[in-house]
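Kindly generate the complete structure, drawing on both the sequences and the hints.
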Amino acid sequence: MDEARLKERVAAFLSENDPAGDRLEFLRARFDAGLAWVWFPEGLGGLGLSRDMQAVVERELAGTPQIDGGVQGIGLGMAAPTILAFGTEEQQRRFLRPLWTGEEIWCQLFSEPGAGSDLATLATRAVRDGDEWVVDGQKVWTSGAHHARWAILVTRTDPGVPKHRGLTYFVCDMQAPGVDVRPLRQITGEAEFNEVFLTGVRLADDLRLGAVGDGWRVAQTTLMNERVAIGGGGGARGGGMVGGVLRSWREHPELRTHDLHQRLLSLWVEAEVTRLSGARLREQLAAGQPGPEGSGMKLSFAKLNQALTGLEMEFLRDLGYDDYAFRRSETVDFYGRGPGYRYLRAKGNSIEGGTSEILRNIISERVLGLPSEPRIDKDVPWKDLPR
Amino acid sequence: MDEARLKERVAAFLSENDPAGDRLEFLRARFDAGLAWVWFPEGLGGLGLSRDMQAVVERELAGTPQIDGGVQGIGLGMAAPTILAFGTEEQQRRFLRPLWTGEEIWCQLFSEPGAGSDLATLATRAVRDGDEWVVDGQKVWTSGAHHARWAILVTRTDPGVPKHRGLTYFVCDMQAPGVDVRPLRQITGEAEFNEVFLTGVRLADDLRLGAVGDGWRVAQTTLMNERVAIGGGGGARGGGMVGGVLRSWREHPELRTHDLHQRLLSLWVEAEVTRLSGARLREQLAAGQPGPEGSGMKLSFAKLNQALTGLEMEFLRDLGYDDYAFRRSETVDFYGRGPGYRYLRAKGNSIEGGTSEILRNIISERVLGLPSEPRIDKDVPWKDLPR
Amino acid sequence: MSLLYSEVEEELRAAVRDLLADRCPPSAVLKRAESRPYDPDLWKTLAGEIGVAGLIVPEEYGGAGASASEAAVVLEELGRGIAPVPFFTSSVLATRALVQAGAGELLERLADGRSTAALAVSFAASPYRPDRGASVRHSGGTLSGTVTGVAGADVADVLLVPVEGDLYHVEGAEVRAETSFDLTRPVSTVTFDGAGATRVGDVDLVAVLRFGAGLLASEQYGVAQWCLDTTLAYVKERHQFARPVGSFQSIKHRLADLWLDVVRARAAARNAVTEDTPVAAAVAQAWNAGVAVRAAEEALQLHGGIGMTWEHPLHLYLKRAKSAEVALGTPGDHREALASLAGVPGPE
Amino acid sequence: MSLLYSEVEEELRAAVRDLLADRCPPSAVLKRAESRPYDPDLWKTLAGEIGVAGLIVPEEYGGAGASASEAAVVLEELGRGIAPVPFFTSSVLATRALVQAGAGELLERLADGRSTAALAVSFAASPYRPDRGASVRHSGGTLSGTVTGVAGADVADVLLVPVEGDLYHVEGAEVRAETSFDLTRPVSTVTFDGAGATRVGDVDLVAVLRFGAGLLASEQYGVAQWCLDTTLAYVKERHQFARPVGSFQSIKHRLADLWLDVVRARAAARNAVTEDTPVAAAVAQAWNAGVAVRAAEEALQLHGGIGMTWEHPLHLYLKRAKSAEVALGTPGDHREALASLAGVPGPE
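Protein chains in written order, with our numbering: chain A, 1 to 387; chain B, 1001 to 1387; chain C, 2001 to 2348; chain D, 3001 to 3348.
If you're looking for bench data, these hints aren't it; they were derived computationally from the structure. Heads up, some of the hints might be wrong.
[Unchecked claim] Derived lysine-lysine pairs resembling DSBU-like cross-links, with alpha carbons at most 30 Å apart: (1) Lys378(A) - Lys1378(B); (2) Lys1298(B) - Lys1378(B); (3) Lys2236(C) - Lys1303(B); (4) Lys2044(C) - Lys2031(C); (5) Lys298(A) - Lys3044(D); (6) Lys1298(B) - Lys2236(C); (7) Lys303(A) - Lys2044(C); (8) Lys3031(D) - Lys3044(D); (9) Lys1378(B) - Lys3236(D); (10) Lys2236(C) - Lys1378(B); (11) Lys2236(C) - Lys378(A); (12) Lys378(A) - Lys3044(D); (13) Lys383(A) - Lys2236(C); (14) Lys1303(B) - Lys303(A); (15) Lys298(A) - Lys378(A); (16) Lys1298(B) - Lys3031(D); (17) Lys2031(C) - Lys298(A); (18) Lys3031(D) - Lys3236(D).
[Unchecked claim] DEER-style ranges, computed between Cβ atoms: (19) Asp1052(B) - Arg387(A): 30 to 38 Å; (20) Asp3022(D) - Pro371(A): 26 to 34 Å; (21) Thr3277(D) - Ala62(A): 55 to 63 Å; (22) Ala3233(D) - Pro113(A): 22 to 30 Å; (23) Ser1372(B) - Lys378(A): 17 to 25 Å.
Here a beta-carbon is modelled for each residue, glycine too, at the ideal position from N, C-alpha and C.
Listed below in structure tokens is the structure:
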């Protein structure tokens, strides 16, 4: 289907569905018309087209009701591609439509207190009991768990084999008995994330995604999509975090010093070359030649954000903080909040979604081809690993 | 023996030996009087006193003929303590006196092209042949080899056992047939060091220091003394390398920029706290409480020297170089030469005498108690190691 | 003049450290941080039984007549324990001002812990900008104006205000505690609206702030040392990939570098109190303020996710370190001062 | 306006790279570095057969009329090969000045490689201090004065001298080659003692130097990329402790960070020639000059002892990088320029 035919199809859809009518009805119809994600198969919200054709649809439907990329982020970015890759036809039909329309929100139950960078060492157990699995364990750093209808969940089903081999991947029913969601307070005062305690949670076997013991491979699909999602968008010269600091800088000439000026100029240059590197990466992607630079963008932005917010604190000499009160928050509000919040929250940038240390490992091995370190955990049964 | 008695002894020595007479005669007599290194045993240049009593002797003999700490450095700092610890009585009597008086110069045959940081993997072979050993191999980074009468030498005598166990330590006769000393040119243009090729060099078994196969332990004694020797001396605030750069800085107000000023101020502070740390370390040593800070001094000075000399190059904007001509040089001439030489030569500071990477390993394991990495070379015969 | 600790200092350190470990470990500090951060009982014991309140008060006024070097050791331990007591604000800054002013009676009240004082100066002021954040005027026996960012004012019963070389004891000021970045040393806005002011003597505010800056370096060293020690313990325990995290070489090397910075911070802190010159104070602040921040930031990163949680006390140290970086001059301010103090002149 | 390389550019790159690999690998550059660093035969082939000499010469004067973007790709390869040819000095700097001056006849001689030119400007000059190192005056058809640190003058048969907005073609200048830090692009002192000067047209020296600075960033990127690639290859091969040195995590992480710097240097270099603004040139120089130095310094450290020896060509790159850091403005100069160009004003 070429662009013209696709536009016709959108026009036909719009002639039958009133964007000014019921929002949910409209979104459901859009899904059913294959205009949700056109690169998905027909019948599952798509038309089996190439991914770049989605831009055509988005342009044509720009003024119509939209889905919520924020609260639906995990579902759209991580659960959906995994369900598409590993789900049964029944699972795909059951989950994808309400996931896309936002009727059902998803969260991610991967990290554990004892399994952060080394996700494969996770300890949440799933034990088979007839047609069901009984799940016990603790997950952490789960955003949106208190809104979520479903979760993508990785569990250990066989402790007797090496760690990567004994995992199984499930869709977890967040309304099932034994699921306990507790907000996790951060150093900023608020709680963006949750801890999720799973105690005797029973999941039917038809909630399993992929084969028993194949959970690591399934999880890789999920995580590959996370890395892409976190890479950071475009933006203009002098924008983003450096723009925020520049605003303070320009407003307070009386606070400027040569020390801070020289450091700000260096960071401005670093921000600019990082922006250019991102722009070049996007050109490569658009030209169908994805380069390895993507792995580095998150690392670079984490370092920049931390340096810039730290400098802003020194510059403003402000000993106050806007608000430490404990409350839930749904988003990272870098620009609406004060410099203290920015400084503290930016510290998470080098931890969440893969620590900077892990990213450096990945770059050095997958991009630079450097040898891996001697591994001592590859062939040892999980239960025998030192921890 | 207390300080007063020691002073008497020095006075008695001076009454019998004229400092204005023959230099060598005077030094030999000083050795025989036990006033060479008072903490060595009697009969071997010492009096069996504590090491800090040496300062008394040095004060009392300040105006008399002195030994040459430069060209004799390896002998005094490394060979002598090793011979004292592991030599037979005969070896001690044979070697220590002319070593101290400077009649015989020593060099060190340790590093090899394939064994730098990992010294224990060295490949120079020594094979027993009756009462002799036949040595073949190549050593590198040997200072003073072209002056040396003797060398301290580590060889591999048993390739069939793990690397630390198959080594044997010798005194090498630098005048023996098969010893070929070639100057090794550095990036500064000159040659401070040598390569030494050993081809069928025959060493009598009585030149062996320590037991066959015990060479690693003997070498440790040598190297421990090297680390102490390289740690860097005292000095006044604003002295040393920072002093050199400051001189340029003060002479050229027209070249100053805010960028360089801020960076120089930061380095000045770093130099000052490093100096203070060294001063504190010396106080601890004097109080008989050596702290672990020593391991860090060389690392700190290497980083500082490199940063300062790099900044000086930027500051002076000088595209020239004083002299690249190939010639031998006996010393590191940081202050007599130009900024280009200083910059290039300082690069060696983080490599020679233990790379900064190895020093960080040592600090993290021996000082901070962090676990060592998984080792794959501990129990494998040397000949089977990957290289 | 030695950079080592004396035996007396080591005994004092042990007493403070034991008390804090027993009565107020970091987890306890965290618990009270949001309600009432200062611990008056702990302060009573520290001030009275161990006698830190009168440490630098001359003996003639009931104090110990000790040197700055001893106060510095106390500050190392209070930094290490992030202890919620007004030692620095009352027993160092305010006391030093009173000693200058020769205010015997007030010093006696501070020395035995009956009173706690605060110097109404912004914590963001410095020896180079002593008036930052302050707009106070004296007129007819009363003061009017405002000082922002005053540390320790919320727990002081004696408020001392420097105005143009005179030190006043003021009653009836309004002290409004602000939400502060540093939870364990909150700052207040102090407002004078014709408050009654009694002159207690002369004060050289620059000298007081410089004295404070030199001593703050010891607190910063203590903060850095705790962060390093706590991180070392954590990475030895924490396993990932079936190895202690602390066995990974890049972690080891970073910690070796951090250790070198902390070692030098100790030397700089010691030198600030033994040499006691403007250069020594500026060097110690220029170095130690940054080392404390870097140690706390590295600690957070190497703790991974747990370091980002409120329940781990690490953030108290990060917040202390980052606020203290601004307190009594930023590292950049102190470096700038060294340009003239140490003869490293800038562009002409 | 793209930051990617065009197909034409990739073909040009391949031609230059293949020629250098074949005719002048770094080991060969090292061999001639002390006697006569420039390789006239190599230059003849590059200039004539591949046609780089006339790359940015307009077609009307026999050139290729190509953009700066293509010249930049050539510079990447010449940097990577530390190639001893006067492309940058003659075919970029001098040619740009002649294009400005509209000097058709000279451009024709440069375009086909018959002549090689040099612009008598100190390599330490910058768009912000174009007269650094120069003291030349024009009077009655002759020039007198001196220019220090002129790159490429020793191999040029055409000497071009800018004096107060005019460009002169000068004969009879004294060119004295100096012992230069950078062995592969030595500088000379050029002295005019009443040398005959023919005016060839107007020249905006600031614009020429800025153009050069933007392009130099591509050479610096090439230097950095060679250092990174060579070091990667070395640490994969070199074993210590029975492991490739490149399997040690601290080495891996440092190389990952260096790679990120080099990746950004490529983007900055590309942007300098496609955006072609003062900001873009300043950004590229501010970043790439430092990256080239850092890459060469890291390469030296990670090569260990062998990197300190004359026989390994690495030092040629270190010397090139460190000299180029000063050439056409230091990183600090370019950052300082960005203060006004990018709206980051300094203290008032």
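Going back to the hint list, which numbers does this structure go against?
Result: hints 5, 7, 12, 16, 17, 19, 21, 22 break, sorted rising.
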